[in-house]
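K.L.:
Place chain P on chain L using the hints.
There are 2 protein chains.
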Amino acid sequence: MQVAKTIAEIRAWVRRTRAAGKTVGFVPTMGALHVGHVSLVQAAAAQCDCVVVSIFVNPTQFGPGEDFEKYPRPLEKDLALCEQNGVDAVFAPSSSEMYPRENLTWVTVQKVSEPLCGRFRPGHFRGVATVCAKLFNIVGADRAFFGQKDAQQVAVIQRMVADLNMPLEIVVCPTVREPDGLAVSSRNQYLSPQERREATVICRSLQRSAELIRTGEKDAARITDQMREVLGQVSAFQVEYVSIVDAASLEDLPRVQGRVLIAVAGRLGSTRLIDNIVVDAATK
Amino acid sequence: MQVAKTIAEIRAWVRRTRAAGKTVGFVPTMGALHVGHVSLVQAAAAQCDCVVVSIFVNPTQFGPGEDFEKYPRPLEKDLALCEQNGVDAVFAPSSSEMYPRENLTWVTVQKVSEPLCGRFRPGHFRGVATVCAKLFNIVGADRAFFGQKDAQQVAVIQRMVADLNMPLEIVVCPTVREPDGLAVSSRNQYLSPQERREATVICRSLQRSAELIRTGEKDAARITDQMREVLGQVSAFQVEYVSIVDAASLEDLPRVQGRVLIAVAGRLGSTRLIDNIVVDAATK
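As they're listed, the protein sequences go chains L and P.
Note that the first sequence covers residues 1186 to 1469 in the numbering used here.
Note that the second sequence covers residues 1186 to 1469 in the numbering used here.
I should point out that these hints are in silico values taken from the structure, not numbers from a laboratory.
Source: prediction; values computed, not measured.
Idealized CB from N, CA, C, for every residue including glycine.
Hints should not be assumed to be uniformly reliable.
As the list claims (entries may be wrong) - Listing some non-contacts, in silico: residues in chain L with all C-beta distances to chain P over 10 Å:
{"hint": "1", "residue": "Arg-1389"}
{"hint": "2", "residue": "Arg-1399"}
{"hint": "3", "residue": "Glu-1414"}
{"hint": "4", "residue": "Leu-1438"}
{"hint": "5", "residue": "Arg-1452"}
Said to hold, decoys possible - Examples of chain P residues lying across from chain L (beta carbon under 8 Å, computed):
{"hint": "6", "residue": "Thr-1191"}
{"hint": "7", "residue": "Ile-1192"}
{"hint": "8", "residue": "Ala-1193"}
{"hint": "9", "residue": "Asn-1288"}
{"hint": "10", "residue": "Thr-1293"}
{"hint": "11", "residue": "Val-1294"}
{"hint": "12", "residue": "Gln-1295"}
{"hint": "13", "residue": "Ala-1318"}
{"hint": "14", "residue": "Lys-1319"}
{"hint": "15", "residue": "Gln-1343"}
{"hint": "16", "residue": "Arg-1344"}
{"hint": "17", "residue": "Met-1345"}
{"hint": "18", "residue": "Tyr-1375"}
{"hint": "19", "residue": "Pro-1378"}
What the hints assert, rightly or not - With a Cα cut of at most 30 Å, we get these calculated DSSO-like pairs of lysine-lysine:
{"hint": "20", "chain 1": "L", "residue 1": "Lys-1207", "chain 2": "L", "residue 2": "Lys-1190"}
{"hint": "21", "chain 1": "P", "residue 1": "Lys-1207", "chain 2": "P", "residue 2": "Lys-1255"}
{"hint": "22", "chain 1": "L", "residue 1": "Lys-1190", "chain 2": "L", "residue 2": "Lys-1255"}
{"hint": "23", "chain 1": "P", "residue 1": "Lys-1207", "chain 2": "L", "residue 2": "Lys-1207"}
{"hint": "24", "chain 1": "P", "residue 1": "Lys-1296", "chain 2": "L", "residue 2": "Lys-1296"}
{"hint": "25", "chain 1": "P", "residue 1": "Lys-1190", "chain 2": "P", "residue 2": "Lys-1207"}
So here's chain L without its partners, still in its complex pose (with noise of 0.2 Å):
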């Protein structure tokens, strides 16, 4: 397995598997690797002939106050991960490498980036845009995997490359979750051992509005309603959002019709946590 940590070392290496014939899939993360990033390893794997992993903590995405710096970075162990399902590059690039000077240069993706998330970290999905942005850039991958659990973020970049022509394809892979249904996140390892009970609340609530659906329920107020009745059975969870949203445009929808995001985030003593699920309702 190939590490590199600059620019040139990656294009290098992404130059010769090309010129080689083959196909370079993509799995941008920040680290903190787990079940979920794997899973998209094993989709792009699946997909393309090598793969390369992206392993950077991109300050540009953090707001003040979020947790930059502490946010893990098991670097050893997430290699030795790389290396045991079978990655075939590394980039692990340093803030000044691919910062080297102000960043001036922003892409931002309008509507998309603003309900749900983007109203609690003002300029977080500015970052991710521009991040992904130069990443793909650098790396010059056929498919780029992302995992749907950071649902808003899958839409922005889907219509970041839309908008921009970028010559890749976004392929979007199942929120991976812990037996008891909570969605795997390197953040969880956040979370005190009662905090890690209470915050399976947030995929029960979810599981109710797909319940209501299933029945036929298409009020999204009542969906809602009842999705936050769930959430208040546990006092020290904090609701931020919870929405019924078009699960393209993220644009808020008052009927379940067409494809549905249903999402929720919150706080759990001081660690943020978000959820989703996607429904295909019948349009009627």
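P.N.:
Below, chain P alone, put in the same frame as chain L:
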């Protein structure tokens, strides 16, 4: 010569060209081609195996009340000129091919976009950066060629390419001038015969600044005062700015040192004209 109207066609053409081991030079234009564009094509042909010219009057870089509607679009003449000059492929998309849906994604370059023309054409460089990002992603060239005449455009694109790690090289070519010194521009055709004669005052003011610097003048205000005196000889010319700035950052320089951009913009009747020179002044 291949004429591609769609993104799929030009991509297929470039893919075949690259597969044959050839490098691709790219000259993005808004059409109404003139000897300035021809010089870019010649530079591209000298440095690359194949030359692609794009012809697209980009709506997102025109402000309300600007000349988007009346901007000249002599497509047949442009294609003939490309053919005569050995262009290998022309990409001439429709607006709906380039912008098939509401464009939500924008590339902005802070600071570099703000002074000079940025103050008089709000949103212009956002449109330029965004369409160039799109075109670079569509064409996938090794090098793109721009004229020094649009000095701020050059600075914005160079900064965008550096900040976003775009995998191509930007080549800047000298401003082409008419025998009397007027910088060649598609907008010169808007000028009446009298305005055409008067328009040379712009390059005469730039020549004055070069002479002053040659004879040791370092004080930017004294130089711009003298330039304004020259410009004042044509009462019909309405100055927008006369500026001495760092050629890369476009920051104002009180004293001439390093690579210095001396830039003028203004209106003659309803026609907006710009011109500039770059002077390498001894650092002292």
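K.L.:
Now, for every hint given, state plainly whether the structure supports it.
P.N.:
We went through each hint and held it up to the structure:
Distance check for Arg-1389 (chain L) against chain P: the nearest CB is about 34 Å away, which clears 10 Å, and the non-interface claim stands. No beta-carbon of chain P comes within 10 Å of the beta-carbon of Arg-1399 (chain L); the shortest separation is about 32 Å. Annotated as non-interface, Glu-1414 (chain L) keeps its C-beta farther than 10 Å from every C-beta of chain P; the closest such distance is 35 Å. Distance check on Leu-1438 (chain L): its Cβ is at least 19 Å (rounded) from any Cβ of chain P, clearing the 10 Å threshold; non-interface status holds.
Arg-1452 (chain L), annotated as away from the interface, keeps every beta carbon of chain P farther than 10 Å; the closest lies near 29 Å. Of the supplied interface hints, the one on Thr-1191 (chain P) is violated, with its beta-carbon coming no nearer than about 12 Å to a beta-carbon of chain L, more than 8 Å. Among the interface hints, the one on Ile-1192 (chain P) holds; its C-beta lies about 6 Å from the nearest C-beta in chain L, closer than the 8 Å criterion. This hint is violated: Ala-1193 (chain P) has a C-beta 11 Å from the nearest C-beta of chain L, more than the 8 Å allowed.
Annotation: Asn-1288 (chain P) was flagged as interfacial toward chain L, and the flag holds, the nearest CB pair being 6 Å apart, inside 8 Å. Interface restraint check: Thr-1293 (chain P) against chain L, minimum CB-CB distance 5 Å, threshold 8 Å, status holds. About 5 Å separates the beta-carbon of Val-1294 (chain P) from the nearest beta-carbon of chain L, less than 8 Å, and the hint is met. Hint status for Gln-1295 (chain P) relative to chain L: holds, with the closest Cβ pair at about 4 Å, below 8 Å.
The closest approach between the C-beta of Ala-1318 (chain P) and any C-beta of chain L is roughly 5 Å, which is under the 8 Å cut-off, so the hint is satisfied. A hinted interface residue such as Lys-1319 (chain P) counts as satisfied when its beta carbon comes closer than 8 Å to some beta carbon of chain L; here the least separation is about 5 Å, so the hint holds. Look at Gln-1343 (chain P): its Cβ only gets to about 11 Å from chain L, farther than 8 Å, so that hint breaks. Hint status for Arg-1344 (chain P) relative to chain L: holds, with the closest Cβ pair at about 6 Å, below 8 Å.
For Met-1345 (chain P), the shortest C-beta to C-beta distance to chain L is roughly 5 Å, which falls under 8 Å, so the interface hint holds. Against a cut-off of 8 Å between C-beta atoms, the interface hint on Tyr-1375 (chain P) is violated, since the closest Cβ of chain L lies about 32 Å away. The restraint placing Pro-1378 (chain P) at the interface with chain L is violated, with a minimum CB-CB distance near 43 Å, outside the 8 Å limit. Using a Cα cut-off of 30 Å, the hinted pair Lys-1207 (chain L) and Lys-1190 (chain L) holds, with the two alpha carbons roughly 22 Å apart.
The hinted pair formed by Lys-1207 (chain P) and Lys-1255 (chain P) fails the criterion: a straight-line CA distance of about 38 Å is larger than 30 Å. Between Lys-1190 (chain L) and Lys-1255 (chain L) the alpha-carbon distance is near 22 Å, which keeps this suggested pair within the 30 Å criterion. For the proposed pair Lys-1207 (chain P) and Lys-1207 (chain L), the alpha carbon gap of about 19 Å is at most 30 Å, so the pair holds. Between Lys-1296 (chain P) and Lys-1296 (chain L) the CA atoms are separated by roughly 24 Å; this keeps the pair inside 30 Å, and the hint holds.
A threshold of 30 Å between alpha carbons decides the hint, and for Lys-1190 (chain P) with Lys-1207 (chain P) the separation of about 22 Å falls inside it, so the pair holds.
Checked against the numbered hints given earlier, the structure breaks hints 6, 8, 15, 18, 19, 21 and satisfies all the rest.
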